[in-house]
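**Student:** Line order of the protein sequences matches chains A and B.
FYI, in my numbering the residues of the first sequence are 120 to 318.
FYI, in my numbering the residues of the second sequence are 120 to 318.
Among these hints, one or two may not hold up.
Each pair may be met inside one copy or between any two copies, as identical chains are not told apart.
Unchecked claim - DSBU-like mimics (lysine-lysine), calculated; alpha carbons at most 35 Å apart, straight line: (1) Lys215 with Lys317; (2) Lys191 with Lys167; (3) Lys215 with Lys265; (4) Lys316 with Lys214; (5) Lys191 with Lys214; (6) Lys167 with Lys265; (7) Lys316 with Lys265; (8) Lys215 with Lys316; (9) Lys316 with Lys191; (10) Lys265 with Lys317; (11) Lys214 with Lys317; (12) Lys265 with Lys191; (13) Lys317 with Lys191.
Just so you know, the hints here were simulated from the structure itself, not pulled from any lab data.
2 protein chains.
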Amino acid sequence: MQVSVLFSGGKDSSLAAIMLEPFFDVELVTCTFSLLPVGDIARETAEKLGLASRVVCLDRSILEESYEMIVKDGFPRNAINHIHRSAVEYIASEKKAAFIADGVRRDDRVPVIEHSQARSIEDRYGVHYICPLKGFGRAAVNEMVKEHLVIEEGPSEGIIKSDYETELRELIRQRNGPDMVGELFPSHVQSRVIERKKT
Amino acid sequence: MQVSVLFSGGKDSSLAAIMLEPFFDVELVTCTFSLLPVGDIARETAEKLGLASRVVCLDRSILEESYEMIVKDGFPRNAINHIHRSAVEYIASEKKAAFIADGVRRDDRVPVIEHSQARSIEDRYGVHYICPLKGFGRAAVNEMVKEHLVIEEGPSEGIIKSDYETELRELIRQRNGPDMVGELFPSHVQSRVIERKKT
Numbered sequence: 120m121q122v123s124v125l126f127s128g129g130k131d132s133s134l135a136a137i138m139l140e141p142f143f144d145v146e147l148v149t150c151t152f153s154l155l156p157v158g159d160i161a162r163e164t165a166e167k168l169g170l171a172s173r174v175v176c177l178d179r180s181i182l183e184e185s186y187e188m189i190v191k192d193g194f195p196r197n198a199i200n201h202i203h204r205s206a207v208e209y210i211a212s213e214k215k216a217a218f219i220a221d222g223v224r225r226d227d228r229v230p231v232i233e234h235s236q237a238r239s240i241e242d243r244y245g246v247h248y249i250c251p252l253k254g255f256g257r258a259a260v261n262e263m264v265k266e267h268l269v270i271e272e273g274p275s276e277g278i279i280k281s282d283y284e285t286e287l288r289e290l291i292r293q294r295n296g297p298d299m300v301g302e303l304f305p306s307h308v309q310s311r312v313i314e315r316k317k318t
Numbered sequence: 120m121q122v123s124v125l126f127s128g129g130k131d132s133s134l135a136a137i138m139l140e141p142f143f144d145v146e147l148v149t150c151t152f153s154l155l156p157v158g159d160i161a162r163e164t165a166e167k168l169g170l171a172s173r174v175v176c177l178d179r180s181i182l183e184e185s186y187e188m189i190v191k192d193g194f195p196r197n198a199i200n201h202i203h204r205s206a207v208e209y210i211a212s213e214k215k216a217a218f219i220a221d222g223v224r225r226d227d228r229v230p231v232i233e234h235s236q237a238r239s240i241e242d243r244y245g246v247h248y249i250c251p252l253k254g255f256g257r258a259a260v261n262e263m264v265k266e267h268l269v270i271e272e273g274p275s276e277g278i279i280k281s282d283y284e285t286e287l288r289e290l291i292r293q294r295n296g297p298d299m300v301g302e303l304f305p306s307h308v309q310s311r312v313i314e315r316k317k318t
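Generate coordinates for the entire structure from the input sequences, incorporating the hints supplied.
**Tutor:** Laid out in structure tokens, this is it:
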């Protein structure tokens with residue numbers, strides 16, 4: 120059975136992929152708006168994990184819509200969720216894999232796909248949307264990551280990864296300057312996978 | 120890392136255990152009130168899965184409390200959830216394993232442990248409560264089960280397994296007769312694992 124795992128190069132989506140690996144043919148899928156070379160970074164990280172990967176270019180209108188949202192809201196939650204949902208819908212519409220997965224954890228509020236949205240996507244596209252880490256809290260995920268991955272952690276602005284935030288921040292930087300990025304995104308710790316441990 | 124998986128001999132808890140197997144030392148734990156030989160059935164099924172197992176006798180007062188609940192409510196939800204939560208708390212209090220898991224799926228309403236209850240258990244006992252199938256819908260679980268397990272399915276009254284319902288039904292049968300069992304429990308399909316497929 121084939122699964123497409125939405126992949127940011129961070130610890131959560133990497134661990135989700137590793138958990139599915141014994142049961143599925145895993146393909147990592149990274150979405151980009153071609154604003155930054157996030158696809159190249161994702162490909163490098165996927166190689167370190169030893170997993171197949173590809174990069175998908177999403178329509179720039181999705182990024183524009185999420186730009187409007189974050190500027191209007193003053194916080195990134197709805198904007199990031201909009202990109203995530205659009206990405207899942209796009210992968211679902213391709214119908215390349217019967218299963219689509221992401222690295223959303225139990226305690227995550229962003230990005231997250233609500234129960235009803237998940238069922239709607241499954242019904243409309245005839246796919247299974249699965250979240251291998253949905254039943255795992257942050258501390259449990261960290262314990263498992265420690266066993267399987269070498270990661271680098273730091274504040275969002277210092278870690279280059281392939282998540283939706285990276286390109287949305289860049290668009291805001293280009294249009295409104297770096298101070299606006301700092302105002303709209305609360306400072307939080309990001310992770311990037313450096314290596315997969317031999318187990 | 121050690122994980123205790125609450126085990127009923129059904130497809131969900133079996134699949135949850137199989138998903139954790141590549142990453143943890145898995146021990147299946149079946150809880151009983153010693154009203155029926157559910158422990159023996161669980162041990163047999165665990166052997167077929169090739170996983171270590173043990174049986175834990177829970178205090179009969181928990182069954183009595185859930186009996187009171189189902190008779191008062193007229194439906195089994197709160198009663199079953201009470202036993203499930205008590206079982207998780209008991210396994211957590213033993214501190215034999217740092218991780219405690221169950222087979223709860225995305226769409227399950229019974230048994231289920233709410234987010235706040237999960238965090239409370241984790242904080243009080245210093246354990247991780249994990250639900251490997253929490254991010255999987257019914258159809259996705261069925262696809263995975265098909266790959267890994269041979270199961271028998273049928274109405275609750277025809278399938279002997281090692282879940283909480285079995286002994287609660289028996290207590291009601293002893294005290295109130297078989298008709299009352301039919302009134303309190305809506306008829307639903309149960310599964311029992313017959314064999315593990317070689318993959």
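**Student:** How would you classify Lys317 and Lys191 at a CA-CA limit of 35 Å: within, between, both, or neither?
**Tutor:** neither (46 Å within a copy, 55 Å between copies)
**Student:** Since the copies are identical, ignore which copy is meant and state whether Lys191 and Lys167 lie within 35 Å (CA to CA) inside a copy, between copies, both or neither.
**Tutor:** neither (39 Å within a copy, 57 Å between copies)
**Student:** When no copy is specified for Lys167 and Lys265, does a C-alpha distance of 35 Å or less occur within a copy, between copies, both, or neither?
**Tutor:** both (16 Å within a copy, 32 Å between copies)
**Student:** For Lys214 vs Lys317, is the C-alpha pair at or below 35 Å within one copy, between two copies, both, or neither?
**Tutor:** So Lys214 and Lys317 pass the 35 Å test inside a copy (33 Å) and across (28 Å) alike.
**Student:** Could you figure out if Lys191 and Lys214 sit no more than 35 Å apart (CA to CA) within one copy, between two copies, both or neither?
**Tutor:** within (34 Å within a copy, 49 Å between copies)
**Student:** Should Lys215 paired with Lys317 be assigned to within, between, both, or neither, using CA atoms and 35 Å as the limit?
**Tutor:** Both ways: Lys215 and Lys317 sit 30 Å apart in one copy and 27 Å across, limit 35 Å.
**Student:** Give the relationship of Lys215 and Lys265 under a CA distance limit of 35 Å: within one copy only, between copies only, both, or neither.
**Tutor:** For Lys215 and Lys265, both the intra-copy (32 Å) and inter-copy (21 Å) Cα distances are at most 35 Å.
**Student:** Checking Lys265 and Lys317: alpha-carbon separation at most 35 Å within a copy, between copies, both or neither?
**Tutor:** Both. Shortest intra-copy (12 Å) and inter-copy (30 Å) distances satisfy the 35 Å Cα cut-off.
**Student:** Is it within a copy, between copies, both, or neither that the alpha carbon of Lys316 lies no farther than 35 Å from that of Lys265?
**Tutor:** The answer is both: 9 Å in one copy and 31 Å across copies each meet 35 Å.
**Student:** Treating 35 Å as the Cα threshold, decide for Lys316 and Lys214: within, between, both or neither.
**Tutor:** both (32 Å within a copy, 28 Å between copies)
**Student:** Go through the copies and call it for Lys316 and Lys191: within, between, both or neither, with a Cα cutoff of 35 Å.
**Tutor:** For Lys316 and Lys191, neither the intra-copy (43 Å) nor the inter-copy (54 Å) Cα distance is at most 35 Å.
**Student:** For Lys265 vs Lys191, is the C-alpha pair at or below 35 Å within one copy, between two copies, both, or neither?
**Tutor:** neither (39 Å within a copy, 47 Å between copies)
Violated hints for the displayed structure, listed by number in ascending order: 2, 9, 12, 13.
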